[in-house]
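Given next are the chains, with one letter for each unit.
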Amino acid sequence: MVQYTEKIREIAERLLKDCVVEVVIGFRSGTVPMMNEPFFARTPEDAAQLVWDSNCGINLANYLTDRKEKIAVVAKGCDSRNIVTHILENKIKREQLTIIGVPCLGMVDKRKIAESVNGEVLAVTEDGDQIKVRASGGEKVFNKADMLQENCAICIHRNPVIHDELVADPVEEQKDVDRYADIRKIEEMPAEEKWAYFDDLFKECIRCYACKNACPLCYCPTCFVDESKPQWLGKSQDPLDIRTFHFLRAYHCAGRCTDCGACQRACPVGINMRLLTKKLEKDCKELYDWEAGMTLDSRPPLDFYRPDDPEEFIK
Amino acid sequence: MKNLVEYMGLEPGRLQFSWISSAESTKFVTVVNQVTEAIQALGPNQRFVKKEAKVA
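For the record, the sequence lines run as chains A and B. Last residue of the first sequence? That's 315 in the numbering used here, and every number before it is there in order. Last residue of the second sequence? That's 371 in the numbering used here, and every number before it is there in order.
In case anyone wonders, no lab produced these hints; they're calculated from the structure. In this text the structure is predicted, and so the values were computed from the model without any measurement. Possibly wrong hints are sitting among the right ones.
Unchecked claim - Okay, derived cross-link-like pairs now, SDA-like style, lysine to any residue, Cα gap no bigger than 20 Å in a straight line: (1) A:K315 <-> B:P327; (2) B:K317 <-> A:R184; (3) A:K315 <-> B:S340.
Let the hints inform the model, and build the full structure from the sequences given.
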């Protein structure tokens, strides 16, 4: 990871010095462990603050929407796919971007780590596949593979899809990953059980909308949840309003979601709303053989009509 | 959409879609009859109905 950081700083410094870009969007260390924050480096000196480790789970494509200047952006596999989606949806132009691709080995789940140690997490360091955690109740060492975020553990596109620079050689992609085991389990439940399952899943939701704010796909100037004419859904804590919100939010991501996990990571109460977006991803794969953000050459299935689109649902 | 609604627990068959031209009167009648039959078999809808707003 140290090599990654050095290479990112080197590239960023060069790009800023040569005035190729006005800003480099990357990560710097946060004020608490495991919380790297997005950082906009605007001068060659700023570049020294950029870092890379296994806590860079935030999706930086989120910071590109409608920007006009020339930008370099640090992008792991999922970020790069969201950048492709952004370009396809005219939220940024390819010519504006210098993409610093990062072959990714997965991000660690900060909740899992916090739950696995005694007391408060004080510092987290990495050494290859080992994660060393110093907490107020003693030190512990974990295998990174055991501590990955759920979406990273089942990721099959770790290398950036598009990039102008690459900070390291591409990593090996994970093979034979069953991405949809949990989805199939829910699909097999009877309707009654499904309903209860999601009631239970969303019961902690406080409607803070962190999931939609962290999501690079959610960029509408006024979100449907805030509109009052018409008011699409109730604004209360009623379980039905919560359910409707999650349903609509997920559906807006159909055929666009790259399962970057930013929503789940941002959720203050740890709801796995990826169960909805992943179901849509599975449907898109099965119905349209589509994976979001893999190419700049074809339109996403839900904004393009093809005569052979499946239509079994319609009479 | 139908897939996701049913994935979330709406009974299969509750949500139906059809495309009928204004010239297709017989298709209209057939579809309306089919839908009515299917929905009557399912009984009154219990899902996505707010009986009373929860007040915090």
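Satisfaction of hint between S340 of chain B and K315 of chain A, Cα-Cα up to 20 Å: Status holds; Cα separation ~14 Å.
Does K317 of chain B pair with R184 of chain A here, judged by a C-alpha cut-off of 20 Å? holds (16 Å)
Given the proposed pairing of K315 of chain A with P327 of chain B, does the C-alpha separation stay at or below 20 Å? Status holds; Cα separation ~15 Å.
The earlier numbered hints are all upheld by this structure, with none contradicted.
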